[in-house]
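Chemist: Chains as they are written, first to last, in the numbering used here: chain A, 63 to 348; chain B, 63 to 348; chain C, 63 to 348; chain D, 63 to 348.
Please note: incorrect hints may appear among the correct ones.
[As the list claims (entries may be wrong)] Dumping the calculated EDC-like pairs for lysine to aspartate or glutamate here, alpha-carbon to alpha-carbon at most 20 Å:
id, chain 1, residue 1, chain 2, residue 2
1, D, K317, A, E178
2, C, K317, B, D301
3, A, K344, B, D309
I should point out that these hints are in silico values taken from the structure, not numbers from a laboratory.
Here the structure is a predicted model, which means the values were calculated and not measured.
What follows is the residue order along each chain.
Number of protein chains: 4
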Amino acid sequence: MPTEKQTITLLISCPDQPGIVAEVSRFIFAHQGNILESDQHSTNQEECTFFMRIRFGEEGFTLSPTELHSKFQPIADRFQMQWRVSYSRERKRAGILVSKYDHCLVDLLWRWKMGELAMEIPFIISNHTRLEGLAQMYGIPFYYFPVQRESRIADEQRIVDFIGDTVDFLILARYMQILEPFFVNTYPQRIINIHHSFLPAFIGASPYAQAFTRGVKLIGATAHYVTNQLDEGPIIAQDVIHCDHRDNVQDLIRKGRDVERRVLAEAVRLHTTDRILVYENKTIVF
Amino acid sequence: MPTEKQTITLLISCPDQPGIVAEVSRFIFAHQGNILESDQHSTNQEECTFFMRIRFGEEGFTLSPTELHSKFQPIADRFQMQWRVSYSRERKRAGILVSKYDHCLVDLLWRWKMGELAMEIPFIISNHTRLEGLAQMYGIPFYYFPVQRESRIADEQRIVDFIGDTVDFLILARYMQILEPFFVNTYPQRIINIHHSFLPAFIGASPYAQAFTRGVKLIGATAHYVTNQLDEGPIIAQDVIHCDHRDNVQDLIRKGRDVERRVLAEAVRLHTTDRILVYENKTIVF
Amino acid sequence: MPTEKQTITLLISCPDQPGIVAEVSRFIFAHQGNILESDQHSTNQEECTFFMRIRFGEEGFTLSPTELHSKFQPIADRFQMQWRVSYSRERKRAGILVSKYDHCLVDLLWRWKMGELAMEIPFIISNHTRLEGLAQMYGIPFYYFPVQRESRIADEQRIVDFIGDTVDFLILARYMQILEPFFVNTYPQRIINIHHSFLPAFIGASPYAQAFTRGVKLIGATAHYVTNQLDEGPIIAQDVIHCDHRDNVQDLIRKGRDVERRVLAEAVRLHTTDRILVYENKTIVF
Amino acid sequence: MPTEKQTITLLISCPDQPGIVAEVSRFIFAHQGNILESDQHSTNQEECTFFMRIRFGEEGFTLSPTELHSKFQPIADRFQMQWRVSYSRERKRAGILVSKYDHCLVDLLWRWKMGELAMEIPFIISNHTRLEGLAQMYGIPFYYFPVQRESRIADEQRIVDFIGDTVDFLILARYMQILEPFFVNTYPQRIINIHHSFLPAFIGASPYAQAFTRGVKLIGATAHYVTNQLDEGPIIAQDVIHCDHRDNVQDLIRKGRDVERRVLAEAVRLHTTDRILVYENKTIVF
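Extracted from the complex, chain A is given alone in its bound form (with noise of 0.2 Å):
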């Protein structure tokens, strides 16, 4: 397998109006950089708000990342944008969180060991020890931060401080733990959850207990970046598997792990490749 090639990727959102794309890609252009993909959206609303993934060869390409910045900031000025810029030779840092359940860790790491994941994985935290020979397994420090209900605040204040920005986005892979809002105010649209249901179905505890009570023909996993709305975040990736009378709880647990955790590494695998803008408590996935 040929190595891939670095690439650059610029994604921007602005009030719509003619000429973003034809700007955008001239400046590219102009500047050496071949286009690899392009994707666009505009919301059909009275305010209407415009969203752009574009990716492009580094090799060729003139700009240093500093050149880039200060030359592509009076075009986004003079369009009103939020963007920002990613390179593909600069992995991502996903920090994980963990319980005591393995399979979407498992599963995460064998992608990620495949390489179907650009990211690092600089540690993997829990409030359990049981998966510490998995981390150590895949070589990845591994660390116990027991969170206690009565010292909650104070056991996750330690996470964070121990976090700090040695991270770009945290994976909570089925950590089983309510985060506090100063938690995660402090990685805004930068953890994603994986929930054990079709949200906004089955919200909290136990959904498959829920899932088994109402007698549902299908149960799912949810992806999304957590807010301070307990499963009530932006909505990046969904799927579900069909069920019967014959399954009881815990075939709807076997069965939704399969779901789980393969929703869970396609939403890393988007976040990771920048594919994701987040627009009023939704997603834009490119």
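Here the structure of chain A is known, so what remains is to put chains B, C and D in place on it, guided by the hints.
Modeler: Below, chains B, C and D without anything else, positioned relative to chain A:
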């Protein structure tokens, strides 16, 4: 295509205990019935309930319907069974209620004409006149029953009076009215509704608009028996389709139509072939 | 539902090189076009080919169709583009050919009436008279063109003579005849067929019977452009449905109808919205 | 999670005739067995064959394995049954063969450790040493058996000699070798292979490259019993995933891994729970 052989179907539920399958199958065999399908299910709770569907050929079976009843009742009594029997040559009579949207009705009528749905359709009732032509095309009597907010109970009473017991079950093929309790109670577990969301998400009005606002990545449809808790009756069938940020509410409606009609048709097929048993607000679908 | 705004779509393919997106988007912007959608793709082979679909609003665009042609051609020449343009207000004309099975036709006509398929249907041609009533119901001229084994070429010639260039493309909605090469060559990449298997499995006649014999656990349907290699033209859309040992050939046919009609409708929708480019017997579907 | 109760499963096939279900269920009941599941199927051809799977609790059942055999054989003789019995407390022994790719093995071992697959794994055999560490991690003996083109028969003979009858079945978890007829014949209907296409499409080598060349819009995987016709044995399970023009061969391989491991695990689960009967190169999966 050869003529389908006529069959008899027994649906049974009772407290679980050994010997039920043996006794029921012995009974059928003793009277020359050849068992074609047999399904069973036991709930795995403290008080275990047993459910069974057994279908056997009518040809050669030596008992008349009256004899079947009188001779099977002692077995039913012994095992405290609730049971019912149906004959495939007595096609179920399905009354259909619609409003203005035609996609579910178009699909049901086409499938019915194709022979996919073994039932009679004695009438189509609507609170609008728009779909009268469609009914006529298939030669089905169409009755216009307007329902006004201020006279809802009287209006619905006229419908119930009209229907009486001329049907075995009712299909709400996007009938955009909430039925009064007396109406629902007249046809318990005999009214099939299609709700245009993957319940329990998006109960109530405008589920596609709700789905758009929430930013879900899949939309769905749910066929269920109507109870007096809005959209909370026993679920018969569900399915979903993927969507993304490019889909506005109109797109969700368009995509959703495909799922709605498929899920409703499946639920009707299951009902007409006596494959559904209701248990604690859930369904067992054999 | 508000009236859709009219749009113009450019479809382009050319050898890949930097600057294409910049130049095309500059051109559109220079003439006051507001870009609504833009998709691109490059083949990753030695001789890289670039494909682009760009859709922009017609309102405000300052070039007439003739002007657009003459002013864009120099750009096209410079980049060695193959290109075509289409206007949404000029709905494509789709001639439909059917035999006896009605499920695809019923579905296409219903979707068309609902506004899901932006096209005109100047005629329906059939080698049987069975579906004439259906055509009449939708007010579409129906023509009976019998095709005999011994006079096939002459029979098909009469069809081609009749159609001439009164259509933009043809839909074989389960037209159970293999078209002669001269027929296919008259409408290259403009005849959409639905084959009732997941190609390349089960090429040729009776795919459901073949599927039953092989004992597959899923059946499918494939919409493709017709070429002179039977069932080997560029694939536009495919889908499958699960089946099991309980399904006999009739069941497979019944289940398959649902997939066939959905896949064919999707392919037609993609074609009418200029989303398909053909490349080396494959399709790029934007 | 409570301990699963131990069960006994009977798998039966015989010429169809009335009374089979009655007799088998009577037999089980007469010896105090409580039937938990019962499935049956009849082929609808001239010479009708009947298939049955019946599972009942071992607790309370009054016959020892030897007694069950001797007392059931007269019934089997009367109905000309082929039959076998299995006890859930005797977990099946599954030998696994792999080459270099680890995704199927990783998934099988993880599911096995989670309790999803009720079997023993006495060994893992490979023609490469790459996956030895993975085997050790799960404490499973790993044996390296190189297979050379020029000594294939002798090499495979050594494997068969080694395995002997220490297993109940074999799993080819992407074992990239075509087995010699004598090997296959040693374990008839007891070798499960995963083929990385939706068979019968893309038989043989490099199915993803074949799929890319053909331009299909979905790729799949097929688990089947190995016979001496390459990739033509009885299909146990199949599934697909959508793909499009953006997917190159590497992407198809990546997407396909997800389907392969899921389909193989499902087939193994079905085999270990005695849910599969083979009939005329097809499977009946209860």
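Chemist: Taking only the CA atoms, is the gap from K317 of chain D to E178 of chain A under or equal to 20 Å?
Modeler: holds, 10 Å
Chemist: Quickly compare the C-alpha distance for K317 of chain C and D301 of chain B to 20 Å and report which way the hint goes.
Modeler: With a Cα-Cα distance of about 16 Å, the restraint between K317 of chain C and D301 of chain B holds, given a limit of 20 Å.
Chemist: Within a Cα-Cα threshold of 20 Å, do K344 of chain A and D309 of chain B meet the stated pairing?
Modeler: holds, 12 Å
Of the hints listed earlier, there is not a single one the structure fails to meet.
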